[in-house]
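**Q** Let the sequences and hints guide you as you build the complete structure.
Next come the chains, spelled out residue by residue.
Number of protein chains: 2
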Amino acid sequence: MCNNKKDRPLFVKINNLDNVAIAVKPKGVEKGSTISENIKTIEFIPQSHKVALKDFKSGDEIIRYGAVIGYAKEDIPKGSWVSEDRVILPKAPALSELPIGTRVPKSLPPLDGYTFLGYRNSDGTVGTKNMLGIVTCVQCVEGVLNIAVEKIRNELLPKYPNVDGVMPINHNYGCGVAIDAPEAVVPIRILKNLALHPNFGGELLVVSLGCEKLPPERLLPEVGEENIIVFQDEPGFKPMVDRIVQKADEILKRLNKRKREVCPASDLVVGLQCGGSDAFSGVTANPAVGYAADLLVRAGATVMFSEVTEVRDGIHLLTPRAINEQVGEKLKKEMAWYDHYLELGGVGRDANTTPGNKKGGLVNIVEKSLGSIAKSGSSVISHVLSPGEKVKPDQKGLIFAATPASDFVCGTCQLASGITLQVFTTGRGTTYGLEMAPVIKVSSRTDLSEKWKDLIDIDAGKIVSSDATIEEVGMEIFKLILEVASGKKKVWTDYYGIYNAICLFNPAPVT
Amino acid sequence: MCNNKKDRPLFVKINNLDNVAIAVKPKGVEKGSTISENIKTIEFIPQSHKVALKDFKSGDEIIRYGAVIGYAKEDIPKGSWVSEDRVILPKAPALSELPIGTRVPKSLPPLDGYTFLGYRNSDGTVGTKNMLGIVTCVQCVEGVLNIAVEKIRNELLPKYPNVDGVMPINHNYGCGVAIDAPEAVVPIRILKNLALHPNFGGELLVVSLGCEKLPPERLLPEVGEENIIVFQDEPGFKPMVDRIVQKADEILKRLNKRKREVCPASDLVVGLQCGGSDAFSGVTANPAVGYAADLLVRAGATVMFSEVTEVRDGIHLLTPRAINEQVGEKLKKEMAWYDHYLELGGVGRDANTTPGNKKGGLVNIVEKSLGSIAKSGSSVISHVLSPGEKVKPDQKGLIFAATPASDFVCGTCQLASGITLQVFTTGRGTTYGLEMAPVIKVSSRTDLSEKWKDLIDIDAGKIVSSDATIEEVGMEIFKLILEVASGKKKVWTDYYGIYNAICLFNPAPVT
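Each protein sequence line maps, in turn, to chains A and B. Whatever position you read off the first sequence (first residue = 1), add 17 for this note's numbering. Whatever position you read off the second sequence (first residue = 1), add 17 for this note's numbering.
Simulated from the structure, these hints should not be mistaken for laboratory data. Please note: incorrect hints may appear among the correct ones.
Because identical chains cannot be distinguished in the list, a pair is counted as satisfied if it fits within a single copy or across any two copies.
With a straight-line cut-off of 30 Å between C-alpha atoms, the simulated DSSO-like cross-links for lysine-lysine are [claimed, not checked]:
#, residue 1, residue 2
1, 255, 479
2, 176, 57
3, 507, 168
4, 270, 108
5, 506, 168
6, 255, 507
7, 270, 57
8, 255, 506
9, 209, 409
10, 255, 375
**A** See the structure below:
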């Protein structure tokens with residue numbers, strides 16, 4: 018990587034083994050520009066796209082991040098644009114042949130003394146917000162619940178200034194679904210764990226229609242009757258709304274008394290995600306987040322990275338980092354589950370990349386994977402969670418939380434797994450935000466953060482556009498995490514209230 | 018059926034062939050009550066559950082609606098409760114053996130002179146509301162769009178009193194999905210047809226992130242650039258909101274000038290659905306709606322019934338009503354598609370019934386199906402639509418629109434198919450409502466309509482609780498349809514604004 022260079026380079030190369038480099042300038046690099054002593058571009062290279070650093074023969078390995086991202090489909094002369102149509106996708110690594118725990122990273126030195134102000138819960142978790150959550154058993158109740166929530170927002174919340182908000186957990190599940198299908202465990206687990214999120218302070222309020230397939234006793238057997246509102250037991254619309262508002266008022270009174278207290282950074286549970294990625298994501302934002310992830314792990318925190326279809330093609334770089342056989346095998350099992358799921362739907366692994374990724378210079382899922390994995394930093398992988406599985410209080414360190422890569426579905430799954438803050442990198446730019454936990458948005462390019470001043474929280478683009486190092490930006494992210502988790506600083510999405518809906522992952526049929 | 022009886026019966030029997038009858042009294046029927054001359058109940062029968070009218074031997078056919086709903090699992094003495102655990106599910110009718118068009122009903126006499134006041138569109142469709150619809154290409158944009166919509170509601174709508182509302186078409190689709198999977202045609206078709214709904218007056222406003230898999234040119238190639246807002250082209254959050262509000266203002270000005278005009282009832286497109294069904298649904302509400310459906314067909318209108326998993330077990334009663342071979346074959350094709358879809362998910366056809374159905378006395382999907390089909394009335398089936406396929410202006414009469422049975426998914430699919438009003442029957446009670454088109458809620462039991470005075474629009478329960486006939490209630494529904502479609506009367510869900518979210522049917526994988 019070309020860090021610390023005072024004269025801005027036209028291209029960056031990530032790893033010494035790489036035989037391609039990435040065009041840095043926002044408007045691309047003109048034909049005839051000098052790359053290095055004996056290489057000139059022989060055609061225009063768009064920003065964040067790749068230039069050939071050698072003469073490729075058809076079939077030659079194309080190497081980025083020190084790993085093979087594909088093979089030359091034809092001869093590609095030095096200085097050419099290595100565009101999508103000139104690259105053949107390599108085979109996915111065979112799961113059966115993956116080495117487990119063969120390159121377990123050494124523990125990084127502990128990082129002591131970092132704290133944040135959080136809401137400590139009785140189950141040992143620590144919240145970063147103080148919210149009233151209202152979980153629904155079924156989509157049917159959404160219309161009435163939304164009216165009640167509006168009333169709570171307007172009439173009750175002003176009385177309780179210590180409460181950050183009220184959130185109905187609306188979703189598309191609960192009835193008209195194959196509730197006993199083998200894969201129905203996934204959406205039910207996600208929904209249950211969302212209801213138990215640390216930012217709801219251990220309070221539970223459940224809204225049920227009364228005839229749904231996912232009744233309260235199946236969703237949350239631990240909830241007492243006094244916290245369940247069943248519409249079919251109420252004498253009409255207005256009593257339904259009144260009941261919700263009245264129960265909300267009781268809970269808000271308790272929530273309003275809660276106070277933030279000093280907690281060690283090890284009480285943080287941070288999710289990492291990327292969306293609208295470009296070829297810079299793997300050069301600037303993801304490596305900087307990876308550095309921040311290492312800092313969090315050193316401070317004893319829990320860090321989750323996710324997105325199965327984005328790590329699938331780099332899985333041979335992850336299984337060697339598994340702490341033990343069991344963790345390695347669970348990693349492989351989650352990959353195999355997704356392979357099968359996609360196969361049932363009649364699609365291959367290239368279903369992941371988007372038109373935006375490709376415009377952004379990512380030729381295929383392998384290149385996208387390698388960039389995406391950079392977010393995970395360099396720690397040992399200590400645990401693996403299935404989609405929406407809740408992290409246990411003693412599961413610290415770097416965790417792979419298996420989820421779809423879809424931004425809004427991954428966000429929902431990570432919330433269910435218990436993240437209390439998310440760091441989200443973007444290259445093309447997205448307005449994505451979560452209500453249940455703050456999202457720090459990190460841009461891979463400086464021009465994006467300049468254009469979207471009121472959406473991007475940290476510019477990692479300065480790693481190529483200025484003289485910032487990955488380590489500096491990584492530390493900046495780490496410190497912002499502590500500030501945001503403490504409620505001292507608001508991320509843009511919380512400032513404006515830009516929130517995506519809860520999107521459950523349901524791999525089972527609807528009926 | 019026991020209509021016109023001044024002395025309320027304890028039980029009702031639908032068809033002369035039936036060997037079971039349904040308990041009518043809200044609190045059930047006590048042991049020892051007289052059913053008929055030589056039959057007494059020998060145990061308590063809960064309301065809407067079945068009593069044996071003969072001595073069943075193990076394996077005997079149990080007949081309701083004149084059709085086999087199951088087989089006795091054990092000997093069931095006359096006067097017993099025919100409960101779920103005493104009934105064996107019959108095999109699903111084999112699709113290959115179904116007769117097509119063998120019992121095509123004769124045309125009913127035309128019904129002239131009925132009209133409503135609608136918004137006529139240039140494509141020949143007629144709206145029942147005058148709304149601004151804003152379609153999104155991808156979930157990612159929802160957070161910003163919702164903020165803009167709130168602004169439109171508060172600042173613009175008061176200036177345009179002829180406009181009924183503004184509706185963002187938010188959904189879970191557009192990215193992080195296998196957009197080229199064979200079944201991706203389904204959600205894309207639904208979304209496209211929602212955008213083109215008759216109640217949006219032919220106006221289109223599209224919001225895109227810019228890097229999604231479902232870009233505007235793929236979703237709606239017919240839309241001009243001037244009606245597409247791409248967030249990644251905008252310099253930040255506030256300009257995004259401003260652009261949406263400004264475009265909305267332009268469209269609202271035009272919509273506000275529209276006037277309702279007298280249209281023949283044949284311009285109506287009415288969807289039929291049931292949810293939270295009980296054993297009364299098939300006795301009161303569904304047959305009354307079936308009568309209304311016949312009136313609509315006689316008036317030349319378009320009527321859709323749906324819910325594949327609810328008609329699957331009564332399909333042998335539907336294919337004979339198909340107008341021709343082609344329609345019959347498409348009916349079978351839609352059933353076969355769903356059989357395969359459920360099989361892939363590892364579930365059988367009994368995945369449909371809900372705990373509420375069972376509490377409501379429906380022992381299995383066959384009994385539920387037969388009751389559900391009653392909504393379709395007695396007309397010939399003139400067309401079949403795939404999920405979310407848009408009805409053509411010349412497709413009149415009774416149509417089977419294939420959809421999941423899930424209330425909120427079926428509602429979304431029927432809207433995409435072009436319904437401008439829905440009639441929804443319920444036994445257990447649901448607060449379900451659609452924003453895009455009015456929903457008339459019909460209760461199967463009088464006690465429900467008395468309990469939910471501010472949610473149920475018509476009580477069909479009076480067919481057993483009072484001396485109303487199916488025909489009278491059917492005519493009452495028909496007339497209410499015309500009034501509601503004219504904007505003269507508001508259904509309860511529109512009065513309070515109780516609306517369920519758009520829930521796309523996506524049988525393809527997410528990535």
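**Q** Against this structure, judge whether each hint is valid.
**A** Hints and how they fare:
no.: 1; hint: 255 - 479; verdict: between (55 Å within a copy, 24 Å between copies)
no.: 2; hint: 176 - 57; verdict: neither (67 Å within a copy, 61 Å between copies)
no.: 3; hint: 507 - 168; verdict: both (25 Å within a copy, 22 Å between copies)
no.: 4; hint: 270 - 108; verdict: neither (57 Å within a copy, 56 Å between copies)
no.: 5; hint: 506 - 168; verdict: both (28 Å within a copy, 26 Å between copies)
no.: 6; hint: 255 - 507; verdict: between (36 Å within a copy, 17 Å between copies)
no.: 7; hint: 270 - 57; verdict: neither (68 Å within a copy, 56 Å between copies)
no.: 8; hint: 255 - 506; verdict: between (39 Å within a copy, 20 Å between copies)
no.: 9; hint: 209 - 409; verdict: within (15 Å within a copy, 43 Å between copies)
no.: 10; hint: 255 - 375; verdict: between (51 Å within a copy, 28 Å between copies)
The structure is inconsistent with the numbered hints 2, 4 and 7, although it conforms to all the rest.
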